[in-house]
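S.K.: Spelled out, the chains give:
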Amino acid sequence: MGVRSMDEKLQLAVNAARDRFAASVQEFRGEVTLITPAESIVELMRTLRDEFGFDQLVDVTAVDYFPRQTPRFHVVYHVRVLAKSLVLCVRVPLDGNAPRLSTVEGVYPGANWYEREVYDMFGITFTGHSDMRRIIMPQDWQGHPLRKDYPLGYEEVQYTFNFDQISVRKPHPKE
Amino acid sequence: MTEIREVSVDELRHLVSERALEGDTMLLNMGPQHPSTHGVLRLLLELDGEIVVSCVPDIGFLHTGVEKNMEAKTYQKAEVMTDRLDYLNPLGNNLTYCLAVEKLCEIDVPPRAQAIRVILAELTRLNSHLLWLGTSGLDLAAMSIFLYCMREREKILDIFEMVSGQRMMTTYIRPGGLWRDVPVEFEDAVSQFIDAFPRELDKYHALLDTNELFIERTRGISIITRDECVAYGITGPILRASGMAYDLRKALPYSGYEQYDFNIPTRTEGDIYARYAVRMDEMAESLKIIRQALNKLPFGPVRSNKRKFVPPPRSEIGTSMEALIHHFKLWTEGFSAPPGSVYVATESPRGELGVFLESDGGPKPYRVHFRTPTFANLQIMPILTRGHFVADVVAAIGSIDIVLGDADR
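So the sequence lines, in the order shown, correspond to chains G and D.
Numbering follows our numbering, in which position 170 of the first sequence is assigned residue number 170; successive positions increment by one, without gaps.
Numbering follows our numbering, in which position 28 of the second sequence is assigned residue number 28; successive positions increment by one, without gaps.
Simulated from the structure, these hints should not be mistaken for lab results.
One or more of the hints may lead you astray.
[Said to hold, decoys possible] In silico PhoX-like links for lysine-lysine, alpha-carbon gap of 25 angstroms or less:
#: 1; chain 1: D; residue 1: K103; chain 2: G; residue 2: K84
#: 2; chain 1: D; residue 1: K288; chain 2: D; residue 2: K77
#: 3; chain 1: D; residue 1: K73; chain 2: G; residue 2: K148
#: 4; chain 1: D; residue 1: K308; chain 2: D; residue 2: K250
#: 5; chain 1: D; residue 1: K250; chain 2: G; residue 2: K9
#: 6; chain 1: D; residue 1: K288; chain 2: D; residue 2: K250
Kindly produce the complete structure, drawing on both the sequences and the hints.
M.R.: This is how it looks when you write it as structure tokens:
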């Protein structure tokens, strides 16, 4: 895909990511997205921060493409050069129902809560994370609400006395 | 799974010091119902006497599944959920979401709508800062400032009610423009408010700036450095109070902010007083922006003419067949956005509010994610409170300006 009219500094970072980390590049509405394999995410982030000045991790989130696409998940990072307000989006495709990915907490300490949220909502485990607990849902919650196979509403309310009966006819995956 | 599992201290072992396990220090729950937590925030404090050794924030009590719900609604209908996120910044949330939809579908916005958006976004900032000033003052036992702030805030809510019919959950800004044009009294009401407000602002300065008790509670407390702010992704007044002039209205201007002349207030101390001073100065800057926008408010339509995405005006429906068809299609099926994903960020009163919007080509968003400032900013609570008194925890929470609806979504 052609990358035109891109900022010079962004272009350098994108080229480096493409050459060194086998990342592919997409552009949509003027936003540049790198798609990179899961093994290289920590090194890529470190390179972006140290060599190209992406000093702020803006956001970490994920998208679930079940059942349309494999790999099922994309973890989406947004990083920014504060001085120039350049935003770069980095996507990591992950396959399987309980995928694992290395944490970028060591590069950006602020990733701590974002990754906990992704774990909570999508069930993607970040290895090496200092505090891999649920953050928004209760600690004993079952399932990961933002997955596409997790039902949206219209559910019977489960109390302790009827939890099991309702659980049997619930549509979500039970492995 | 029939028994309810209780969370034990063992699971939090890695977050508290060794001394807590030996019983040397005390673990104390603050919240979720503590009045200073402004909503439902729970802090697990580890205390050595009255000194905080570590602090573990626990959020999620106000989780309403907004992101999941939005996936099941068309683009127009999903917007209603955005008001409920950060209930002190409803128009700012509408604006951010609409900017994302507009970027995704390449919808243009007429200049009049852009200027009205800016006026309303700045009024929302004043509204939010006033509530923050009142409540965080109240936390530090400054009672009278709370009453003055609430009185002025009421006038802003009256303006919101005048334009949208609602005081808080406005949904007034729509993809492609506004719901409808502002009423004729709008300009007078806003200019009356901005004429009177500087005197009120002076009053707040007089009440707090030289107040010995307030200064003692805020100077040199909960300091965070600029580098820590950048590392933890902190934005908004906290970042600016630590010496970095970063404001998305200047850095990545949206909705025509580049036309207005305003400054980014900064401080270098990084303590609670600096955050207070930055927010107070921001209110004065907001007034400047509103005045400029009001003075050159252009005439013209307030909605884009792109009929495949934006509903036609009511007056056309009676006379035009096409308008009727568009109206019907847009409010039943909705519009289909081109496949792709965009990220749009605006400066909310608390920092960077970002919307990540992904479309699969259908009439409903495939994934909406809100990068909310409170969620990011709350993360530094352990740094802000370490080594301070329990009473300072209250001041630190106030200085972050948390809205739990924003953090929990």
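S.K.: Quick one, are K288 (chain D) and K77 (chain D) close enough, alpha carbons at most 25 angstroms?
M.R.: Judged against 25 angstroms, a Cα distance of about 34 angstroms means the pair is violated.
S.K.: Could you grab the alpha-carbon distance between K73 (chain D) and K148 (chain G) and see if it respects the 25 angstroms cut-off?
M.R.: 15 angstroms, holds
S.K.: Could you grab the alpha-carbon distance between K103 (chain D) and K84 (chain G) and see if it respects the 25 angstroms cut-off?
M.R.: 21 angstroms, holds
S.K.: For the pair we were handed, K308 (chain D) and K250 (chain D), check the Cα-Cα distance against 25 angstroms.
M.R.: This hinted pair is violated, its Cα atoms lying about 32 angstroms apart.
S.K.: Hey, K288 (chain D) versus K250 (chain D), does the alpha-carbon distance stay inside 25 angstroms?
M.R.: Judged against 25 angstroms, a Cα distance of about 15 angstroms means the pair holds.
S.K.: Measure nothing beyond the straight line between the CA atoms of K250 (chain D) and K9 (chain G); if it is 25 angstroms or shorter, mark the hint as holding.
M.R.: 20 angstroms, holds
Checked against the numbered hints listed earlier, the structure breaks hints 2, 4; every other hint is satisfied.
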